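Number of protein chains: 2
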Amino acid sequence: MKLQEDTICALATAPGGAIGVIRVSGKEAFSITDRFFSKKTIEQESHTLHFGVFKDSEGKIIDEILISVMHEGKSYTGEASVEISCHASNYIQQQILRTLVLGGCRLAEAGEFTMRAFLNGKMDLSQAEAVADLIASESQHAHQLALNQMRGHFSSELKELREQLIHFASMVELELDFAEEDVEFADRGELRKLLGKVLDYIHKLIQSFELGNAIKHGIPVAIVGPPNTGKSTLLNQLLGEERAIVSDIAGTTRDTIEESINIDGIRFRLIDTAGIREEAEAIESIGIERSKQKIEQAKIVLVLVDVQQNEENILEVMRWARQLLEQFPQKKIFLIQNKTDVPFDQRAIDFQGITLHISAKTGAGIEELKQHLGESVLGEQSLEDRSIVSNARHLEALEKAKESLQRASDGIEQGISGDFIAMDIRQAMYHIGSITGDISNEDLLGNIFSKFCIGK
Amino acid sequence: MKLQEDTICALATAPGGAIGVIRVSGKEAFSITDRFFSKKTIEQESHTLHFGVFKDSEGKIIDEILISVMHEGKSYTGEASVEISCHASNYIQQQILRTLVLGGCRLAEAGEFTMRAFLNGKMDLSQAEAVADLIASESQHAHQLALNQMRGHFSSELKELREQLIHFASMVELELDFAEEDVEFADRGELRKLLGKVLDYIHKLIQSFELGNAIKHGIPVAIVGPPNTGKSTLLNQLLGEERAIVSDIAGTTRDTIEESINIDGIRFRLIDTAGIREEAEAIESIGIERSKQKIEQAKIVLVLVDVQQNEENILEVMRWARQLLEQFPQKKIFLIQNKTDVPFDQRAIDFQGITLHISAKTGAGIEELKQHLGESVLGEQSLEDRSIVSNARHLEALEKAKESLQRASDGIEQGISGDFIAMDIRQAMYHIGSITGDISNEDLLGNIFSKFCIGK
Numbered sequence: 001m002k003l004q005e006d007t008i009c010a011l012a013t014a015p016g017g018a019i020g021v022i023r024v025s026g027k028e029a030f031s032i033t034d035r036f037f038s039k040k041t042i043e044q045e046s047h048t049l050h051f052g053v054f055k056d057s058e059g060k061i062i063d064e065i066l067i068s069v070m071h072e073g074k075s076y077t078g079e080a081s082v083e084i085s086c087h088a089s090n091y092i093q094q095q096i097l098r099t100l101v102l103g104g105c106r107l108a109e110a111g112e113f114t115m116r117a118f119l120n121g122k123m124d125l126s127q128a129e130a131v132a133d134l135i136a137s138e139s140q141h142a143h144q145l146a147l148n149q150m151r152g153h154f155s156s157e158l159k160e161l162r163e164q165l166i167h168f169a170s171m172v173e174l175e176l177d178f179a180e181e182d183v184e185f186a187d188r189g190e191l192r193k194l195l196g197k198v199l200d201y202i203h204k205l206i207q208s209f210e211l212g213n214a215i216k217h218g219i220p221v222a223i224v225g226p227p228n229t230g231k232s233t234l235l236n237q238l239l240g241e242e243r244a245i246v247s248d249i250a251g252t253t254r255d256t257i258e259e260s261i262n263i264d265g266i267r268f269r270l271i272d273t274a275g276i277r278e279e280a281e282a283i284e285s286i287g288i289e290r291s292k293q294k295i296e297q298a299k300i301v302l303v304l305v306d307v308q309q310n311e312e313n314i315l316e317v318m319r320w321a322r323q324l325l326e327q328f329p330q331k332k333i334f335l336i337q338n339k340t341d342v343p344f345d346q347r348a349i350d351f352q353g354i355t356l357h358i359s360a361k362t363g364a365g366i367e368e369l370k371q372h373l374g375e376s377v378l379g380e381q382s383l384e385d386r387s388i389v390s391n392a393r394h395l396e397a398l399e400k401a402k403e404s405l406q407r408a409s410d411g412i413e414q415g416i417s418g419d420f421i422a423m424d425i426r427q428a429m430y431h432i433g434s435i436t437g438d439i440s441n442e443d444l445l446g447n448i449f450s451k452f453c454i455g456k
Numbered sequence: 001m002k003l004q005e006d007t008i009c010a011l012a013t014a015p016g017g018a019i020g021v022i023r024v025s026g027k028e029a030f031s032i033t034d035r036f037f038s039k040k041t042i043e044q045e046s047h048t049l050h051f052g053v054f055k056d057s058e059g060k061i062i063d064e065i066l067i068s069v070m071h072e073g074k075s076y077t078g079e080a081s082v083e084i085s086c087h088a089s090n091y092i093q094q095q096i097l098r099t100l101v102l103g104g105c106r107l108a109e110a111g112e113f114t115m116r117a118f119l120n121g122k123m124d125l126s127q128a129e130a131v132a133d134l135i136a137s138e139s140q141h142a143h144q145l146a147l148n149q150m151r152g153h154f155s156s157e158l159k160e161l162r163e164q165l166i167h168f169a170s171m172v173e174l175e176l177d178f179a180e181e182d183v184e185f186a187d188r189g190e191l192r193k194l195l196g197k198v199l200d201y202i203h204k205l206i207q208s209f210e211l212g213n214a215i216k217h218g219i220p221v222a223i224v225g226p227p228n229t230g231k232s233t234l235l236n237q238l239l240g241e242e243r244a245i246v247s248d249i250a251g252t253t254r255d256t257i258e259e260s261i262n263i264d265g266i267r268f269r270l271i272d273t274a275g276i277r278e279e280a281e282a283i284e285s286i287g288i289e290r291s292k293q294k295i296e297q298a299k300i301v302l303v304l305v306d307v308q309q310n311e312e313n314i315l316e317v318m319r320w321a322r323q324l325l326e327q328f329p330q331k332k333i334f335l336i337q338n339k340t341d342v343p344f345d346q347r348a349i350d351f352q353g354i355t356l357h358i359s360a361k362t363g364a365g366i367e368e369l370k371q372h373l374g375e376s377v378l379g380e381q382s383l384e385d386r387s388i389v390s391n392a393r394h395l396e397a398l399e400k401a402k403e404s405l406q407r408a409s410d411g412i413e414q415g416i417s418g419d420f421i422a423m424d425i426r427q428a429m430y431h432i433g434s435i436t437g438d439i440s441n442e443d444l445l446g447n448i449f450s451k452f453c454i455g456k
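Residue numbers (the numbering used here), protein chains in the order written: chain A, 1 to 456; chain B, 1 to 456.
Each hint should be verified, as a subset may be incorrect.
Each pair may be met inside one copy or between any two copies, as identical chains are not told apart.
With a Cα cut of at most 25 Å, we get these calculated DSS-like pairs of lysine-lysine [claimed, not checked]: (1) LYS332 <-> LYS400; (2) LYS402 <-> LYS193; (3) LYS74 <-> LYS40; (4) LYS331 <-> LYS370; (5) LYS74 <-> LYS39.
In short, the hints are calculated from the structure, not lab data. These numbers come from a predicted model, not from an experiment.
Generate coordinates for the entire structure from the input sequences, incorporating the hints supplied.
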């Protein structure tokens, strides 16, 4: 954690493209820029744009640039800031950064702009964390979660929670002042009811983490089954459309999306599909061993069975699928009957999980499969009106808060002295406050912001 | 080539990073943006910045963004333009682009923003081409060439050239009007002298292409020599420092710089150094065959000889180096005597090219080698005050112009009729005009701008 007195600079855009943006923030942002820019940013109004040339310390022109001027209190960081929009040549960007550093700037550390925004009160800690999540978001719901959090929905709920607890703690503490008189300002029954409500709410937030985490990081899906059941064809069916859409948009590269699909705004990560593509579909045993690792990593397992095969083979897959169902009650196991485009001997399939008929070849049933995948995550829930925890640090804080509040609740039941109860409540408030950064320390901040990219 | 009436949009930054910039340009830039933005850009002054939320067509918030407003005549393209600065999430960028397209924008083609700038008279064609060169520039001199060209140095010289030719042609054409009176307004001796001057100048420009091209694309260098002469150590010595500097700057990735070094602001591309790294330095024959391809691609060949080896080996390398010198008179062959840090039997080395003593291990002599590399390209010349052609299209046009002018000059000598001379001069003017785009057509423009990146 370095001094906030420094004026910092960094490239905020990725290498490549047509335009590069260099951010400068801090007390000297204008005066340093003005040593090299052909106009005086220090004399300009906030939120104005200025075209001119940027020269190096020897007076040689580096580039023709456009500069955005933002005054103290009106910028992202809350500090005097300029953003330099230059041609996206590595050489030019390096020269501008070098010149700024020669002029007195320091290269920013990862997340330092956002950390300053936090330290200057432009956002709380959970909002700052949401900025990083927003940049990383790759699906509609991940984006929605991050956006809600960045815009302060979660923060305001936590604030309300804290206010309830403050009220609660004050009442108990007030009693302590009048301890000798043995009054009870806070009706113990009422208190326990109120605590129960808060506990319920926190419990719900904790429970939402599974969903939040799945939405944020994508839901791992394994496609398994004997050779020649059409795994690779199914994979292509699932990916096919998605790819075409993605490559429509300029600038997106296939590399960054791995093998993943978006269904209903949720990202499903297809595990180890390289293996599916590569495997020569050799006729060998059912491959339970080979699939084991994939299944363990997955939340959802698609077990493919080829309905055109002989009964013995089909029964073997069925036995295997039932075994998975038993062994992994936490996972969703889908039995996918493939190759149903050709007439087949319809057998009574005895399976407790979801059973679907598809033809990976013709695409029949794929939409239904996608629908089931989508529903298996969101169910009937709508994300719009809910607070969902997607950050492991927040989860930990909430679990600690819950523990303290549970202790307080138990304490009331056992008729324990008010000062102990108040202490537990204060501790819960501490943990909740750590989420929004009302309580923070350098280590915590360093840890959080070091995960950001540079330039943010 | 699509209609200029369309309002176009594109992502102007590379995927990744903290900030993404989406450009919108055209008649409807403000009205389309305003359907989705929380403020009215149409009511704002030019060169102002506005913070707000950008919503999709269903009214759902996509992101909190900063919008730059630039009025017609005051933007890069010369059209009404906005630049949307958003969080650099692929999802957000895609959603914003989709929303703009739903609102009536068209996704821009490669180079379309710059093409509009050209069509709207904001820059001429050679300046537009320089924009792409500027973005691609990776060394000081490549940057300098592109910047000079973008800022119009080359254009103004060509303009002057054309004016001289116009004057020239008018004089000859004037004579034609008075043909029956058999007057000579233009003294033929004066004319030929003037033409000779113009031809000289064009010839110099044509000759500058070799240097310009080398500066723009980097100079290919091959490191060759028998196994165990220290090729890999020399490579590391040459690259070492450079890398450290590059990785100092945030956002630059090793991948994009290949194996190249900057010396005196010139990029030297080290050919097939992967081979050098990988080769297990097995003791085998001198490897002429293996190096042949590398040598053919190179402009400069560094032949390494290990002075610690026995006389026979050294003589073999010398024979080989001399053979290269004869076979490739166009290339610069450096004989690099390595391992001179340990005392060695100083032999009279009979070599007509540049001979240097180094120790790749200790780094001795490396600076001198770099100095020789730098000088071998620039010589005594300074780039500052010269026009250097670095574009193959310009070279071709200049060669055609030279041809026409040479014909005119020969024609005068042979006493050919004025109308033929005037025609040749007009043709030369046509070719020179094609460089700056005074003369252009759709095919030419399509060809030039399709080489740009999207968003520029």
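Each hint, compared with the structure:
1. LYS332 <-> LYS400: neither (30 Å within a copy, 72 Å between copies)
2. LYS402 <-> LYS193: within (15 Å within a copy, 95 Å between copies)
3. LYS74 <-> LYS40: Answer is both: 19 Å inside a copy and 19 Å across each meet the 25 Å cutoff.
4. LYS331 <-> LYS370: within (17 Å within a copy, 62 Å between copies)
5. LYS74 <-> LYS39: So LYS74 and LYS39 pass the 25 Å test inside a copy (21 Å) and across (17 Å) alike.
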